Amino acid sequence: MQKKIIYLKDTDSTQQDRVNDFYTLFSNELRDTNLIEQASVVRIADMGLYEKGVAVKILPENIVYTGLKNTDVKKIIEETIKGNKVIKESLYEKKSKQMRAVLKNCGYIDPESLEDYLAAGGYKALAKVLLEMKPEQVVEELKKSGLRGRGGAGYPTWMKWNFARGMNSPEKYVICNGDEGDPGAYMDRSVLEGDPHSVLEGMIIAGYTIGSSKGYFYIRAEYPLAVERVQKAIDQAVEAGLLGNNILGSNYSFELEIRLGAGAFVCGEETALIASIEGKRGTPHPRPPYPSVKGLWEKPTIINNVETLANIPQLIFGGGAKFASIGTEKSKGTKVFALTGKVKNSGLVEVPMGITIREIIFDIGGGILNNRSIKAVQTGGPSGGVIPQEFLDTPVDYENLGKLGSIMGSGGMIAIDETDCLVDLAKFYLKFCVDESCGKCAPCRLGGYQLLHLLEKISEGKGEMEDLDKLKKISYAMQKASLCGLGQSASNPVFSTIRYFEEEYKKHIIEKKCPAGKCKALIYFKILPPKCKKCGLCFKNCPSAAILGSREAGYVIDPIKCVKCGLCFDVCKFKAVTKE
Amino acid sequence: MKKITKEDIEKIDPLKKDLGKSWIKVGMSTCGVAAGADEVYATLIEEAKKRNIEIDIRKCGCQGACSVEPLVEVNVEGLPKVLYGRVNKDVAITILERHVRNKKLLHDYIFEIN
Amino acid sequence: MKKDRLQADLEGLVKKWKSKKGNLIMILHSIENIYGYVPRDTSLKLSRLLDVPLARIYEVITFYNYFKLEPPGKHNVSVCMGTACYLRDASSLIEEVEKILHIKEGQTTKDSMFHFDVVRCLGCCGLAPVMMIDEKVYGKVKKNEVADILSKYVKEEE
Amino acid sequence: MYKMIEAKINGITVEVKEGTTVMEAAKKVQIKIPTLCKHPDLPPSAACGLCIVKVKGSNKMFRACCTPIEDKMEITTNDPDIVEVRKTVLELILSNHPNDCLKCGRNSNCELQSMASDFGIREDVFKKFLRDIPQDSTTGTIVLDPTKCILCGRCIEVCQKGQDVWALSFLQRGMDTRISPAGDIKLSESPCVKCGQCSAHCPTGAIFEKDDTRLVWEALKNADKYCVIQIAPAVRVAIGEAFGVVGKNLTKKLYALFRRMGFKAVFDTNFGADVTIMEEAGEFVERLLHNKGELPLITSCCPAWVDFMEKFHSDMINHFSTCKSPHEIVGTLSKTYYAEKNGIDPAKIYMVSIMPCTAKKYEITRSGEMFASGFQDIDVTITTRELSRMIKQAGIDFLNLPDEEADGLLGEYSGAGVIFGATGGVMEAALRTAYNIVTGKELEDVNFIKTRGLESIKEAEIDIKGTKIRIAVAHGLSHVEEVLNRVRQAKKEGKELPYHFIEVMACPGGCVGGGGQPYNVTDALRLKRSSAIYQDDKDKELRCSHKNPYVKKLYKDFLGKPLGEKSHKLCHTEYKARPIYIR
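Sequences listed follow chains A, B, C and D, in order.
Residues in the first sequence are numbered from 13 upward in steps of one, following the numbering used here.
Residues in the second sequence are numbered from 12 upward in steps of one, following the numbering used here.
Residues in the third sequence are numbered from 432 upward in steps of one, following the numbering used here.
Residues in the fourth sequence are numbered from 4 upward in steps of one, following the numbering used here.
Accuracy of the hints is not assured; some may be wrong.
Pair ranges (Cβ atoms, derived) [to be verified]:
| id | chain 1 | residue 1 | chain 2 | residue 2 | range |
| --- | --- | --- | --- | --- | --- |
| 1 | D | Val86 | C | Lys535 | 38 to 48 Å |
| 2 | C | Lys574 | B | Ile64 | 37 to 47 Å |
| 3 | C | Lys535 | A | Glu430 | 30 to 40 Å |
| 4 | D | Phe374 | C | Lys535 | 45 to 55 Å |
DSSO-like mimics (lysine-lysine), calculated; alpha carbons at most 30 Å apart, straight line [as the list claims (entries may be wrong)]:
| id | chain 1 | residue 1 | chain 2 | residue 2 |
| --- | --- | --- | --- | --- |
| 5 | A | Lys482 | A | Lys530 |
| 6 | D | Lys550 | D | Lys461 |
| 7 | D | Lys550 | A | Lys518 |
| 8 | C | Lys449 | A | Lys311 |
| 9 | D | Lys164 | C | Lys446 |
| 10 | A | Lys94 | A | Lys156 |
| 11 | D | Lys164 | A | Lys525 |
| 12 | A | Lys474 | D | Lys131 |
| 13 | A | Lys532 | A | Lys485 |
Chain A regions said to be covered by chain B (calculated; three or more residues, Cβ under 8 Å) [stated by the list, open to error]:
| id | stretch |
| --- | --- |
| 14 | 204–217 |
| 15 | 254–262 |
| 16 | 358–371 |
| 17 | 515–529 |
Please keep in mind that the hints were generated in silico from the structure rather than gathered at the bench.
This structure is a prediction, so every number in the text was calculated from the model and none was measured.
All C-beta atoms in this analysis are idealised placements derived from N, C-alpha and C, irrespective of residue type, glycine included.
So that you can see chain A by itself, here it is in the shape it has in the complex (with noise of 0.2 Å):
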């Protein structure tokens, strides 16, 4: 019989000894039980399991128990090592929250290599469309899936393309929108540097269906690799003839280039990208028309984001119908988020619609760091917004995120803690937005700038209550009154944090203090007599002479003189140095 092997792991980060403790005790047990012979345990370093207590897995069975207490040790060796029996009350389901689809291929074949993509079944859906399906026969099966643009505004992709297909053009655009400017989101730059043929393949299927024989991805400059890899996949695949004429033996051609963007988050936007590509200042122009009327070059154009081409070959290769059954009411298929923020496992992770904020955090994302409590979540980028914990059970949706006032945007997710300052957060989103404005329409220049400005003054103490309406009132105004999706919602971290966390910014205002201990100017470090030992260590680090007095007497910090670094704070051995 196979050596069996006990992995262990405590999944409860606080607990520093109680690892230790379990392994001396399975040891132990293994020794006074004479099972040395027959399994071994180790220590390993992460098993992918959260806040699930003390747990092992014992392989080759591939058995899992969490939340072990030490009475569990005996029971284990007893029952599953010697006596080869499952327990049933401590197994762990393994029930993974996750469901890859769009990135199932993300991280296991080698995406320079067009075989391991045919290998993974890749190619298939295409050479069913242009061998056994009509473009309208696409559209259909799009419309049955449901399948709306991963882009942020989730207009159906169905309609988009029959708009363009029912256009009399002989030229027609297919463009990729790889141009992921959302600080914080990159899946759409792990799918073209994971899997560049998947979103190639729904390209040529999208240009089929629209009837255009031309595509442009357009890429992201700051993503070379994304880049390298996406030519290196349009290169094989011209020469395994599934570009250029006469696709799979079929009547159909189609080819494509690589455009690239340059450092402009607008371009983001539809027209806005259309004129970059065109060689002009990525501003966005009034719609309609809309591009798949009048788009690139004034011919009728598609623009589809990464992800949702990526899910292109799966919807067709499984049908519409196998797709729609993934997810909610209106919202259909699986959502890649990009978890990042205060959360222990930040990273991809890819979930069927419907999911609920809090399974996508603690689930999957292990819960927050250093077992701080949550206090909100950001979705949505710069455009989207906030929401306070107590919605966390809500499930992920374009109509339910939009209710609470964030987007689904293009699957950026942050994780808020305590220590996070709203208003803080909020200015980070406006700075971002004032630097990423166009600059062409007054509403979303100006408007963003002087909210920038607000939360600067009120960060700093110098807010006064008038101030808050100024920042309902602008918001209102970019809200109504902006040209493009950029300018409309760009006050929205702004307005969703006043909907949840006017209380925070009241702090801010009026008591000039900042809860979560993040807006610099609204800090005192003060030193507590009864605590400081005289040590000096405060008095030597001090980068600014803030701190007065000697070791004799004590020490002092002079609020004005301090530039509030923390340093003082940070050096103290006997926490004699306070915050507030």
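Take the given structure of chain A and dock chains B, C and D to it, following the hints.
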């Protein structure tokens, strides 16, 4: 490469590439590369050759666990499939020696095991 | 020397791209890759060769962050201020770099050794906070490590 | 065939053609929607965000300037909510605009100022953030003041699309966005041809004609100066707009005005136009019949066009008429012919010209030939807009002045002279005289209807004694290239030339639409101004330049014959290729 036909696409056995073989995959997306995956990949190739260890070493995309990059997944016959995290050059060599050659796991770097 | 090379490169570039639609930004990328910025006489030449008004070229160069009109520093220091890095206190890294190099974001040191930028998401959120010098990414950087990292590049020169 | 659609705006039913914007449709039913960026003359830029309206069934607001109205749409253009948003947007725009209205050249006719007045703005709600960029007055014609710019984009539209000059561009983005020549160089180092269309379309004081009125007042005050004045044809039909009179020819009131202001003699540029025709028509006939010079001949009265040609089309220099513009001819003659006839020291003569044009300020020092009299032929040029301010400063009840006449020697003009003010006019005037030179006969019908009107390129064929003369008239610099390319193509292929004679005016509509003319020009207004001009022509007994008795006298007493030695020295000029960018 010759032009692919529909038959080619359908003929390819989806499983044939992975079955029964020993392999190492290195996550080589931007996050991985930023964390040093390219060095790990190069080390693995170079050292495997130097040490006459025959194993298929490949690149792959991002698995999503960005906080523990670089990630190296190792599948050796007879051993569980292991995902190692925070791999550096030295760990890469140890993986070759210990895991691949001597069929022992590097417990301190296991992030997922199946 | 450099000038000659550009002359040849520029003509080659225009030849390669002229017949393709949507070429301006792609050509500017190539020029930027050669020089690290887009010199004025290059823009003037490009304007003639492509038959695109110089004003359009400048409109584009100054609109997009990626293109620069001034020669860059020898080493490009970027601190990422994507959301993940922001939440993990990248702003303290920015302060630190500014303090050490005595320049603000977007500026170049007097000796042209370092140019400093604050950038949006380098795509390594898992490693936040991140700073990048030239092509090399430094992840999980602590404030007190900044000086060490920068000093490596100064030493290299000596 | 257009599809007609029916919609409701504020409950009022409106029927319009498909594709009509909400703003245009609203106008049809007497609803005004505020805007700062949409100029009736230009396509919408959608920049200001003031024209937002609500559409039933959507919780968004839409920009009326660029939203096509759809069938059955129900639109609300005005409710407290909309007004509040508009007011906030306006307050935001004002937060980026200095409060120096009192010192601004646009005071009392600024679009932003009147909008602020309409909305009852009484305080600075938001903190002021102003651009700190110095004024650029290097061209000596227009002044760029980026601090006052609201980034409406009109100047960029006219400079890039309308005029194809591309001197102005948007640089940077976001709050740093500004209008500037490529690379923050000075306007004088840019391709700017000084046409001033940007200044005529600017809603605020961000682009403004260089104000030279002070020079005029000072000269008038100076007892040593003998101040004389001339007015261009297009001024007389537009100046009334500043006093609420549209499309009326006020020539005789202007003559009276100038005398009251203190000018010693009042001349008319139209007289110079008649002289120009004598020279230019002669030149045309020389080239046509005697192979002396290249065909087609291209007119050169428009200084912005001359500058444009020297920068962008210098291969056409040989086609250019070397004849000076009418304005310069009157200038030269005032300090030679007039001075001689009246025994006045030409050094004392101070020549002021009133032009519809900003580029004329450039023309007066353009080249050495502009000093043919031995002095600077024109001392100062002011635009129609500057003149209207001077009239107000002078406290003269302009509209009620009695009619007066000009000083005949350089003031009497024919109908051919006045039509220089409208596109096609130079061509028409030249043909009237060319016909006479070639045939020795007078035309029965002097009206060349085909050269009139606002079509961007007008072509016609005229029979002069069996020779078919093909002509083209272009106005608005963006239409020039097409015409010139046809000529280049024919020359290259050795084919028959497409034209014999080409007229170009830089500004749309010709001088009536000049960059120095009163604000808010539209095609409708251009037509009103030019019809007043054609009316003047029609009312004249003399319709042809060669029949102007004072012109005949000029040649007899002073110049000799057209294209003669003396006229060549005084009335002709040269051209040279100029770099598009100096830096």
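These are the hints, each one checked on the structure:
1. D:Val86 - C:Lys535: 38 to 48 Å: 42 Å Cβ-Cβ, so the 38 to 48 Å window holds.
2. C:Lys574 - B:Ile64: 37 to 47 Å: Cβ of C:Lys574 to Cβ of B:Ile64: about 42 Å, so the range 37 to 47 Å holds.
3. C:Lys535 - A:Glu430: 30 to 40 Å: Given a distance of about 32 Å, which is inside 30 to 40 Å, the answer is holds.
4. D:Phe374 - C:Lys535: 45 to 55 Å: At roughly 52 Å between Cβ atoms, C:Lys535 and D:Phe374 fall inside 45 to 55 Å, so the hint holds.
5. A:Lys482 - A:Lys530: The hint holds at about 23 Å.
6. D:Lys550 - D:Lys461: Judged against 30 Å, a Cα distance of about 27 Å means the pair holds.
7. D:Lys550 - A:Lys518: Since the Cα atoms of D:Lys550 and A:Lys518 sit roughly 85 Å apart, the hinted pair is violated (cutoff 30 Å).
8. C:Lys449 - A:Lys311: 21 Å, holds
9. D:Lys164 - C:Lys446: The hint holds at about 27 Å.
10. A:Lys94 - A:Lys156: Measuring from Cα to Cα gives roughly 53 Å; hence the hint is violated.
11. D:Lys164 - A:Lys525: The given pair, whose Cα atoms are some 54 Å apart, is violated under the 30 Å limit.
12. A:Lys474 - D:Lys131: 17 Å, holds
13. A:Lys532 - A:Lys485: 27 Å, holds
14. 204–217: Check passed, 3 qualifying residues.
15. 254–262: holds (count 3)
16. 358–371: Per the Cβ count (5), the hint holds.
17. 515–529: Three-residue rule not met by the stretch 515–529 of chain A, so violated; n is 0.
Checked against the numbered hints above, the structure breaks hints 7, 10, 11, 17 and satisfies the rest.
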